[in-house]
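**Q** Here are the chains, one letter per residue:
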Amino acid sequence: MNGDSLFFTLFAFMACLGAVAVVVSQRMVRMAFWLIISLGSTAALFFLIDADFLGAAQLLIYVGGTLVLLVFAVMLTSSGPYLNIETSPGEIVMAAMLGLLFLFMVVSSQTGIDWNGTNQQMAAANGMTGEISTFDSGSEGNTLRTIGMSLLGLRPDRGAAETGQLHTGYLLPFEIVSVHLLVVLIGAAYLARAKRRRDT
Amino acid sequence: MFLTLASQSVPELLDYFAPQWLQDTASEGWQYVGAALVHMALLFGVFSLCPFFLIWLERKVAGRIQDRLGPTRVGGRFGWLQSLADGIKLIQKEDLCPPAADSMLFNAAPYIVCMSSFAAFIVLPFSEGWVAVAADCGLFIMLAIMSLEVFGIILAGYSSASKWSLFGGMREAAQMVSYEIPMAICALIPVVAAGSLNLGEIGDMQSGGIQNWFLFHDPFTFIAFFVYFVVATASCKRAPFDLAEAESELVGGFHTEYSGMRWSFFFMGEYASMFAVCGIASILFLGGWNTGLQGIDEILSTMRAGDNAGSYLAGVLGVGIFAAKAAIGVFIQVWLRWTVPRIRIDQVITVCLKYLVPISCFLFLGAIVWPLILHKGLGDRTTWNEPLGERVAEAIEGGRTVTTVLERDERPGQSDAHSPDHGPDADSKDEDEDSVSATQFDHSLTLYPAEEVSR
Numbered sequence: 000m001n002g003d004s005l006f007f008t009l010f011a012f013m014a015c016l017g018a019v020a021v022v023v024s025q026r027m028v029r030m031a032f033w034l035i036i037s038l039g040s041t042a043a044l045f046f047l048i049d050a051d052f053l054g055a056a057q058l059l060i061y062v063g064g065t066l067v068l069l070v071f072a073v074m075l076t077s078s079g080p081y082l083n084i085e086t087s088p089g090e091i092v093m094a095a096m097l098g099l100l101f102l103f104m105v106v107s108s109q110t111g112i113d114w115n116g117t118n119q120q121m122a123a124a125n126g127m128t129g130e131i132s133t134f135d136s137g138s139e140g141n142t143l144r145t146i147g148m149s150l151l152g153l154r155p156d157r158g159a160a161e162t163g164q165l166h167t168g169y170l171l172p173f174e175i176v177s178v179h180l181l182v183v184l185i186g187a188a189y190l191a192r193a194k195r196r197r198d199t
Numbered sequence: 000m001f002l003t004l005a006s007q008s009v010p011e012l013l014d015y016f017a018p019q020w021l022q023d024t025a026s027e028g029w030q031y032v033g034a035a036l037v038h039m040a041l042l043f044g045v046f047s048l049c050p051f052f053l054i055w056l057e058r059k060v061a062g063r064i065q066d067r068l069g070p071t072r073v074g075g076r077f078g079w080l081q082s083l084a085d086g087i088k089l090i091q092k093e094d095l096c097p098p099a100a101d102s103m104l105f106n107a108a109p110y111i112v113c114m115s116s117f118a119a120f121i122v123l124p125f126s127e128g129w130v131a132v133a134a135d136c137g138l139f140i141m142l143a144i145m146s147l148e149v150f151g152i153i154l155a156g157y158s159s160a161s162k163w164s165l166f167g168g169m170r171e172a173a174q175m176v177s178y179e180i181p182m183a184i185c186a187l188i189p190v191v192a193a194g195s196l197n198l199g200e201i202g203d204m205q206s207g208g209i210q211n212w213f214l215f216h217d218p219f220t221f222i223a224f225f226v227y228f229v230v231a232t233a234s235c236k237r238a239p240f241d242l243a244e245a246e247s248e249l250v251g252g253f254h255t256e257y258s259g260m261r262w263s264f265f266f267m268g269e270y271a272s273m274f275a276v277c278g279i280a281s282i283l284f285l286g287g288w289n290t291g292l293q294g295i296d297e298i299l300s301t302m303r304a305g306d307n308a309g310s311y312l313a314g315v316l317g318v319g320i321f322a323a324k325a326a327i328g329v330f331i332q333v334w335l336r337w338t339v340p341r342i343r344i345d346q347v348i349t350v351c352l353k354y355l356v357p358i359s360c361f362l363f364l365g366a367i368v369w370p371l372i373l374h375k376g377l378g379d380r381t382t383w384n385e386p387l388g389e390r391v392a393e394a395i396e397g398g399r400t401v402t403t404v405l406e407r408d409e410r411p412g413q414s415d416a417h418s419p420d421h422g423p424d425a426d427s428k429d430e431d432e433d434s435v436s437a438t439q440f441d442h443s444l445t446l447y448p449a450e451e452v453s454r
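Just so you know, the sequences run in chain order B and A. Residue numbers 0 to 199, in numbering that gives the first Met the number 0, belong to the letters of the first sequence in order. Residue numbers 0 to 454, in numbering that gives the first Met the number 0, belong to the letters of the second sequence in order.
These are computed hints drawn from the structure, not numbers from a lab. Take every hint as true, because none was put in to throw you off.
To list a few chain A residues with every Cβ distance to chain B over 12 Å, as calculated:
| hint | residue |
| --- | --- |
| 1 | PHE43 |
| 2 | LEU83 |
| 3 | ASP85 |
| 4 | GLY259 |
| 5 | MET260 |
| 6 | THR301 |
| 7 | TYR311 |
| 8 | VAL315 |
| 9 | TRP337 |
| 10 | ARG343 |
| 11 | TYR354 |
Okay, the calculated bits of chain A under chain B, using three or more residues with CB under 8 Å as the criterion:
| hint | region |
| --- | --- |
| 12 | 95 to 108 |
| 13 | 132 to 140 |
Glycine residues also receive a C-beta, built at the ideal position from the N, C-alpha and C atoms.
The shape of chain B in the complex, shown without the other chains (with noise of 0.2 Å):
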């Protein structure tokens, strides 16, 4: 067992660990606290794999913005000193159902996949022969020039010398996303603006 796959059983069992605990727990805040478990061992998993921009911004998105908000608004509504959330039978069966699912879909996909094969198929498709190397600036830590190239419409890990010809990038959902969060912002401005202009 060599470091990487230690530490990824580590954080994959964390992960699951975390889990499994939010759906247990009956407290809100408990619950809360399990998901910064299953969601920082996530992220881990992406600095595992030399995704270190996209496991930072799962911490920053989900773990110190999503959930922060999320006990925030706990802490502001609710009535009683703790916040229980009582599950009915119905709803447990219900849950159940829609979980095995999708653990269902999970699992055939994941066996449906010839991954030995596809490996070697992309080597070949690449030029490489037997297994697939990755872009190899992930693991000397240069992710991020190459991410915000392709955010600005370049693909300079997709190389330029076979076919003379650039690939286009990811400018248009980059600026879809960015009005939409402008869009987002203004519509949460608007809902917390002073509303009692009447009185001064």
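With the hints as your guide, set chain A onto chain B.
**A** Frame of chain B; chain A shown alone:
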């Protein structure tokens, strides 16, 4: 030497860090665990000693400011062992958990605060190349990790089942979440100037004289430094922004119910994050491990070039300079705490949302437009400091490997499109939109090695 994890492959690392007996007896996975434990112990040792010193400093400075003596007796002349005595007292104290509290969250909360403050040091470089993980988005990772600290504090306030703690936690949540925004924007301003989120590269770009520090890069970064410092003080919940633990109104705020070591974990976290934000300030604005004197910087960079005792010595000197700059920042935070009265919670939020966020947005816009103004209006790329493109070239070529796609062609300063000093061509403004985007596209193409692009 312990911090030069950067740019080395894994087996080399293990040879470097795992002790010989561990390599002989254990498999690779256990060697990882061993090396990780050693580094955890080292970090914990350094950053529990660092608060020892800072707490002593705080008490002495507070004493001077209030015309007292501060601690005088423990450990001889200046009371320099006072923190150790305090620490022993804290260890001996009973670890209380109120019966009404949610004990699991109550016990876990101090560790979340402590962990998130300490984990930020993974990506903070202490000297050139002396960084645990030289990530390309180091600053982003650091801000992301430090944003987790608020969660531990909210949990501590919520799970204590005490109204003082709850109010403290709520104030803290409101304050830290809203101050994260101007802090991130202010940290982005020197990033715009540098064209890199890699803290190591940003530090390297500022070598060669005080005029190359990003503090003096343009007027916007100059103002941004002071805005950043105010915001950083607030995000460390230091006075005058310490509403969350205002002891005159909230007893102790979110840590009212804590005692003993768990209480002190909050303070280790607080001092560690004070040091971390001042470290970020020192790298982003104040030249990091560069002295600011051109001659000495040149000597140090020639010393760093080799792989010998001289480069190691230069590294140690760099750590000293960096730590001194960060410590001056911490000292000013202490100074502010004992000089400025506390402001109310609505004032804290007003200052952030109505003043600091618009100011930092304006500075951010200004920092983007500045290279254009310089180039168009004054016809000069820089006013007084060395052109940034050349510094970027030096910083990237000096010992760091870059991806092949980013290799420059023969014109080092010209081809780096990340450099904000590189304005568009002089004629591009007069043409229509299509040709402007075409010219910009052309600039991006120069990122590729010239022979690989056939258009």
